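Participant: If you read the protein sequences in the order shown, they are chains A and B.
So the first sequence is numbered by our numbering: it starts at 1 and just counts up by one.
So the second sequence is numbered by our numbering: it starts at 1 and just counts up by one.
What the hints contain is simulated information worked out from the structure, not anything from laboratory work.
One or more of the hints may lead you astray.
Identical copies look the same in the list; a pair holds intra-copy or inter-copy alike.
[Claimed, not checked] Each computed DSS-like pair below joins lysine-lysine, with the alpha-carbon atoms no more than 25 Å apart:
(1) Lys204 / Lys215
(2) Lys9 / Lys147
(3) Lys12 / Lys326
(4) Lys72 / Lys28
(5) Lys204 / Lys19
(6) Lys147 / Lys28
(7) Lys86 / Lys302
(8) Lys72 / Lys86
(9) Lys166 / Lys46
(10) Lys9 / Lys326
Here the structure is a predicted model, which means the values were calculated and not measured.
There are 2 protein chains.
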Amino acid sequence: MRTTLEIMKCAKESCTLLKTLDTETKNKALLLMADSLVEATDEILKANALDVEASRGRVSDVMLDRLSLNEKRIEAMADGMREVAKLPDPVGRVLSRVERPNGIVIEKTAVALGVVAIIYESRPNVTSDAASLAFKSSNTVILRSGKEAYRSAYAIVSALQRGLEKAGLPKYLIQLIEDTTRASANELMTGVGYIDLLIPRGGKGLIQACVDNAKVPCIETGTGICHIYVEKTADFDMALNIIENAKTSRPSVCNAEEVLLVDEAIANEFLPLVKKRLVDERDNPVELRCDERAYDVIGCTKATDEDFDTEFLDYILAVGVVDGVKSAVEHISRHSTHHSEAIITSDTACAEYFTSTVDSAAVYVNASTRFTDGGEFGLGCEMGISTQKLHARGPMGLEELTCYKYIIRGNGQTR
Amino acid sequence: MRTTLEIMKCAKESCTLLKTLDTETKNKALLLMADSLVEATDEILKANALDVEASRGRVSDVMLDRLSLNEKRIEAMADGMREVAKLPDPVGRVLSRVERPNGIVIEKTAVALGVVAIIYESRPNVTSDAASLAFKSSNTVILRSGKEAYRSAYAIVSALQRGLEKAGLPKYLIQLIEDTTRASANELMTGVGYIDLLIPRGGKGLIQACVDNAKVPCIETGTGICHIYVEKTADFDMALNIIENAKTSRPSVCNAEEVLLVDEAIANEFLPLVKKRLVDERDNPVELRCDERAYDVIGCTKATDEDFDTEFLDYILAVGVVDGVKSAVEHISRHSTHHSEAIITSDTACAEYFTSTVDSAAVYVNASTRFTDGGEFGLGCEMGISTQKLHARGPMGLEELTCYKYIIRGNGQTR
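One chain only, chain A, in its complex shape (with noise of 0.2 Å):
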């Protein structure tokens, strides 16, 4: 087995190479890696079938789709590497240009970070994803998949390196940490000199895991307590619509609605409505968790405190009334994780406090907090949606994955 260390090393000392290919080399290259993925089918599949297998009844119905994979999934997953190599290359823009009066021109550079890597759960399409990704970005890549999910990275990403090689590089351009186990996680969260950018893509407690124990720089993605508020003036359709939508297209994603705010100017009018929609009108009703003035007007489920800081990422909408758009905000900056938030309004005034004000990663007027993804944002892709604001913030594309540099020319000037 190769040590966590070893491919630190390896990574770091790969990115050099990898800074000095063209966009033409990089996208041959991806070309080839989705093909190498296709012809590697049986192989994949057959990993595949032992994670499954040996997962079966440890995880939910849902989980084991998720680890799932089948023909089409792996074409999907080749196409998706075909879309990565159509996206423009990130690396190279030049952000600024200047010339000093001293002659100097200074040119701020988009390049590579370096060395990404990735720690992340079940999902197998997560290696093909992440690793074309930071290829085309110039990053070498470091992938940490979860254990259930080993079997089926080791040949993905075995596939995806004699994609490399067909290519005339190195495999190690993109490399799967082989030890599975807690240590090498921490190995990549401290791994000060070899890692540029750490990302944790996963549940409440890895993304926690690297905010106490990361050194290297990382960028947490995910977790979304994601508020609606209904103003005074709302047209009360629109409302209803983006408040379902928000709940119950997809509750286990982390854009979906979990708190629905409504202006207790319109909340005796209002919340009845709310409760006609998401309960008496729906097969699978929504839980509607009310603060002690929602309560007043609609019954339902009494709320208690941690319902207001809870992503339920289920059918269950925790329901508070608010004096105007001002404790609206105050609200959300006590108990939002700075993911996507929503105003219904159809005062301008308002709106423009809201998006002005309230401190999420996306702000909505008007439309679903479902929008908050790399490919409904026009990125062609992402590597996640952080939620914090150094760097990146919401959905992570191509640009996320690189840094600048100033590359500044002369001929001999001297301070």
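The hints should help you fit chain B onto chain A, whose structure is shown.
Facilitator: Quick look at chain B alone, frame taken from chain A:
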């Protein structure tokens, strides 16, 4: 005394107000703060005299000079604030705008980070510089001055707060930590939920303490082991001028040269010229610490391995011989602090290889590393020089004190 926790809470609560101020209001307040600073000259000088008295005999003359204020220096601090008022507002810029097929309009918009904290040492002007940059970028700021400059910092912040109040704004948009023990620095480093960005600006010890202990987002500044590589096609006169400038114009700063690498093809011819220029012809000669190959040519001091990993900040230069541009880049990648490096060459391919593979904030071709500076880069000012890659790299101006959020406007779209 207000506790550090009280100050952090207060800063967080003040964020929302600051986000609603328009550019004109902010600029007016900056001018009133500048006036207030000048009006408080006597008070500030009295406080500063006590600081200087307490430090006399305990620190070097250079340090004492850094700590000392006079009327002219206070006027310069006020002028600095007036300059910041003239700079474009970094907040509210729309960085990208896209209308999606479903009609939602997504604007990626520059916004304040929220609460910016800065831990610094003895230079009192950092107090007004940091306060004005943070304020202009709509961040509330928490300043933690070194103990030896605390009285000066207190007088300066009091003056700035009076300026804020004259502008009709709460004084707590700019706050000074009152506890000058190490405990308060640790509270800032671990102030999760209160501090959006912590900037340590000071010596190696402070930076390392942040790397080890910080749980809040943090940008490392400063340490510069800057390399100059003289490639075999270099113009010797240009190279000598740049080397002398980078080493001797101000050896105590982070963008000064610490390591000279010379191509082996020209070592026999060029190194004696370096010795002549930096040692023989100078009143205050530079100590050349040479690796074996350089020592064989010009003698001087024999370098230890450590010398190539030391920020001398003095008239000392480590000198090594390398086998061409690839080995220069390899040496730099092992020893650099990712601040500033230069190549002197007339070969375009070598320059291109160097700029694309050297992983530093500023990479120079035929110019002195001494230009890495907010003013020299035309940013108008700077909050420090980042040597990390996430978020900000190199000189940090107003834009680097912002992040972005996505503001999405729709008319009822659901997914």
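Participant: In ascending order, which of the hints set out earlier in this document are inconsistent with the structure?
Facilitator: 5, 6 and 7
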